[in-house]
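Visitor: Quick mapping for you: the protein sequence lines, in order, are chains A and B.
To convert, count from 1 in the first sequence and add 121; that's the numbering used here.
To convert, count from 1 in the second sequence and add 43; that's the numbering used here.
Derived by calculation from the structure, the hints in this document are not laboratory data.
One thing to keep in mind: the hints can contain errors.
[What the hints assert, rightly or not] Incomplete in silico selection of chain A near chain B, CB under 8 Å:
| # | residue |
| --- | --- |
| 1 | Q172 |
| 2 | A285 |
| 3 | L289 |
[What the hints assert, rightly or not] Okay, the calculated bits of chain A under chain B, using three or more residues with CB under 8 Å as the criterion:
| # | stretch |
| --- | --- |
| 4 | 267 to 275 |
| 5 | 292 to 299 |
[Claimed, not checked] BS3-like mimics (lysine-lysine), calculated; alpha carbons at most 27 Å apart, straight line:
| # | chain 1 | residue 1 | chain 2 | residue 2 |
| --- | --- | --- | --- | --- |
| 6 | A | K212 | A | K256 |
| 7 | A | K243 | B | K105 |
| 8 | A | K140 | B | K107 |
Glycine included, each C-beta is placed from N, C-alpha and C at the ideal position.
What follows is each chain in one-letter form.
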Amino acid sequence: MISEKDLIKELQTKATREKAFTTLVGTYQERLYWHIRRIVLVHDDADDVLQNTFIKVYRHIGNFKGESKLFSWMYRIATNEALTFLAQRSKKMGFSDTEHQERMMASLQADVYFEGDAIQLKLQQAIATLPEKQKLVFNMKYYDELKYGEISEILETSVGALKASYHLAVKKLEAFLKET
Amino acid sequence: MKQKSTQQPFNTPEGYFENFGERLKGKLAQPKSVIPKNSGFTVPQGYFEELLGQLDERRRPKAKVIPLHPYKKHIWIAASVAVLVLLAVGLGRELQPSITFEDLAHEDIEAYLENNDLGLSSYEIAEFLPLEDVPAHLNLSEEQMLEYLTNHVDHINELNLENDD
């Protein structure tokens, strides 16, 4: 398997760029998709955001200086794209935060690519009530199984603050699921 | 001196140390979370296999469209320039004070009338003269009239007198 350093070099070289991009998409598409999907919830939206993320990576790879890992850089782009997508749609529709959450839940229930039972739906409702940072940290730790160090690099937050956010999120979610 | 007993007065339940390790492991094991690990999301069949093709489609440079009317894109520029020129000229005119009839010196008017053939007869000019300024009765003596006529009238016809004498 090609090393990250070599992959970056190939992506930044015109002659090898196309082949390297194919490798890049194949390597990261699923991880980025699930990260995005947990933020935007609906498959069609996740597909749009994922494609925008890869297009952005392709266009800006020349400016990537290697100050962080390629994986962290792509995760950061994906997170920004997903959050911007939601904010733009909410603004366009003129919804408040509560209305927006309700609409997202309704869209999720209508999504043919959500096969969750009552508990899983309730979990998504509970996650939707969390502050943005706690939501991101919870999904990245609990589902994506990223290490605190990796999340810290992606979200540019200290490990201590991330641990506190995660534990707080877990407590809130468990309480929500137990009481209902 | 009384000797200290090596025998401890404490006892343990039977088999306590035999299953201590097992019980400790049970205590250390994380309690099962109520949060489900499976979030219930799925993707369409073959989605990840087709993603690269869709990305290629989006990255492919679009064919250059040759406009049917290439001048059209310049129309707006031309129109904008024309509007700016008109505004500048209009504003320039607004800023200049307009000349009125009163601004003309009497000498200039007289010089113009003398040097230009207006094609107007004395009667036509007389029609434009304000009558208010003309005294109703001219107190001219006969001598004054004769002197004026002698000096200013070359031909008797110019007097336009209605007599057949």
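Visitor: Now look at each hint and say whether the structure bears it out.
Guide: Against the structure, the hints come out as follows:
1. Hint status for A/Q172: holds, given a least beta-carbon distance of 6 Å to chain B, under 8 Å.
2. For A/A285, the interface hint is violated, the least distance from its beta-carbon to any beta-carbon of chain B being 18 Å, above 8 Å.
3. Interface hint at A/L289: violated, since its Cβ lies 14 Å from the closest Cβ of chain B, which is beyond the 8 Å cut-off.
4. Check result for the stretch 267 to 275 of chain A against chain B: violated, 0 residues qualifying (beta carbon to beta carbon below 8 Å, three or more required).
5. Counting residues of the stretch 292 to 299 of chain A whose beta carbon lies closer than 8 Å to any beta carbon of chain B gives 4, which reaches the threshold of three, so the coverage claim holds.
6. Taken as a hint, the A/K212 and A/K256 pair is honoured in the structure, with Cα atoms around 20 Å apart against an allowance of 27 Å.
7. Under the criterion of a C-alpha separation no larger than 27 Å, the hint pairing A/K243 with B/K105 is inconsistent with the structure, at around 45 Å.
8. A hinted pair counts as satisfied when its Cα atoms are at most 27 Å apart, and A/K140 with B/K107 qualifies at roughly 26 Å.
Comparing the model with each numbered hint stated earlier shows that hints 2, 3, 4 and 7 do not hold.
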